[in-house]
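Visitor: Top to bottom, those sequences are chains A and B.
Quick note on our numbering: the first sequence kicks off at 4 and runs consecutively.
Quick note on our numbering: the second sequence kicks off at 11 and runs consecutively.
Just so you know, these hints were derived from the structure itself, not from any lab.
Glycine residues also receive a C-beta, built at the ideal position from the N, C-alpha and C atoms.
Please note: incorrect hints may appear among the correct ones.
As the list claims (entries may be wrong) - Straight line, CA to CA, 16 Å or less: simulated EDC-like cross-link-like pairs of lysine to aspartate or glutamate:
| hint | chain 1 | residue 1 | chain 2 | residue 2 |
| --- | --- | --- | --- | --- |
| 1 | A | Lys116 | B | Asp86 |
| 2 | B | Lys142 | A | Glu51 |
| 3 | B | Lys132 | B | Glu155 |
To be verified - One-sided and incomplete, this derived list gives chain B residues near chain A with beta-carbon spacing under 10 Å:
| hint | residue |
| --- | --- |
| 4 | Thr65 |
| 5 | His68 |
| 6 | Ile74 |
| 7 | Tyr79 |
| 8 | Val88 |
| 9 | Ile111 |
| 10 | Lys124 |
| 11 | Val153 |
| 12 | Glu155 |
| 13 | Phe158 |
| 14 | Phe183 |
| 15 | Lys185 |
| 16 | Thr188 |
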Amino acid sequence: MKVKVISIPVQDQEKALGFYTEKLDFVKKIDVPISEDSRWLTVVSKDEQDGVEVLLEPSPNHFEPAKVYQKALFDAGIPYTQFNSNSVQEDYDRLVSQGVEFSVKPTEMGTVKIAVFNDTCGNNIQIVEML
Amino acid sequence: MAAVVRAGQTSVGICRLSCTFVFQSATVPGGRFSNSPTSPSPNVSGHCKTTYNMTYYHKEINRIRTECYSNKGQLDTVIGTRHYINNNFDKELNLDLLSQIRFTSKFHLLRLFKRYYGQTPKQYLTDKRIEKGKELLTQGTNVTETCFDIGFDSPSSFSTLFKSRVGLTPTEFQKRATLTKSKEI
Chain A
4 MKVKVISIPV QDQEKALGFY TEKLDFVKKI DVPISEDSRW LTVVSKDEQD GVEVLLEPSP
64 NHFEPAKVYQ KALFDAGIPY TQFNSNSVQE DYDRLVSQGV EFSVKPTEMG TVKIAVFNDT
124 CGNNIQIVEM L
Chain B
11 MAAVVRAGQT SVGICRLSCT FVFQSATVPG GRFSNSPTSP SPNVSGHCKT TYNMTYYHKE
71 INRIRTECYS NKGQLDTVIG TRHYINNNFD KELNLDLLSQ IRFTSKFHLL RLFKRYYGQT
131 PKQYLTDKRI EKGKELLTQG TNVTETCFDI GFDSPSSFST LFKSRVGLTP TEFQKRATLT
191 KSKEI
């Protein structure tokens, strides 16, 4: 078995696509309609377009426990997942200039530096840089 | 920003926290779910301070920083060792050399590196070499040249290790990488 897809729950797929492509510079990979209000929508890192796909999944809209879980993590400030960054400070400066809100500014944590931002679709996302 | 699959899919918040930072242990505090701006939250030294609008996760970050990452000397040692490996992965490296560079005993370095990175310097070096090997093969460098460029002694040992890690021999990997590139064109 191989890991090819990770999933992030989003409240609005179109909004999520906009955020992940325009702010985070990801690239849309797969976009297949499934029903009237949902699609199989994945994005990949521009630097690893054959790498792991991020599925922007509208689960909070269709499955109450997913909605509850997402909100609980978000309210606690806990990131749903994390992405690697070559420079957390540079990504932080760039994203802040684009209006992205951070709950944790660049912070050194031992051997890594982290920051946590709001993806505007119900999640906190952490970025991490190896020091 | 490279998307990476890290352990972010667990069902318990603090397990997610500990896995996210890739360190050995994180204890779950009892009942500290207060995010109220007026409720005091004790820090590790025992003095209470009010945390305004700080999320539960942020408080945990502060706690873990103090409990697990307060020894700057140790951190400098392991981070410096990792950087040295990153810049010299193509050379012959061993624990004796790495410990001499950091002016520490090799047993101490081994313990520290494992503690902070979850793997030994040798395991990290091997990962680094395989990662670089994949880059070179993707760029079109032949298998033998790749093998020596990344610090392996023999193509056979390189191929065996590469296959065990990647699931493909270096040749198969290179063919697949070339095919993928040509599809993109």
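Visitor: Each hint should be assessed against the structure and marked as holding or not.
Guide: Here is how each hint holds up against the structure:
| no. | hint | in the structure |
| --- | --- | --- |
| 1 | Lys116(A) with Asp86(B) | holds, 14 Å |
| 2 | Lys142(B) with Glu51(A) | holds, 15 Å |
| 3 | Lys132(B) with Glu155(B) | violated, 22 Å |
| 4 | Thr65 | holds, 2 Å |
| 5 | His68 | holds, 6 Å |
| 6 | Ile74 | holds, 7 Å |
| 7 | Tyr79 | holds, 3 Å |
| 8 | Val88 | holds, 7 Å |
| 9 | Ile111 | violated, 18 Å |
| 10 | Lys124 | violated, 12 Å |
| 11 | Val153 | violated, 21 Å |
| 12 | Glu155 | violated, 23 Å |
| 13 | Phe158 | violated, 27 Å |
| 14 | Phe183 | violated, 12 Å |
| 15 | Lys185 | violated, 15 Å |
| 16 | Thr188 | violated, 13 Å |
Checked against the numbered hints given earlier, this structure breaks hints 3, 9, 10, 11, 12, 13, 14, 15, 16; the rest are met.
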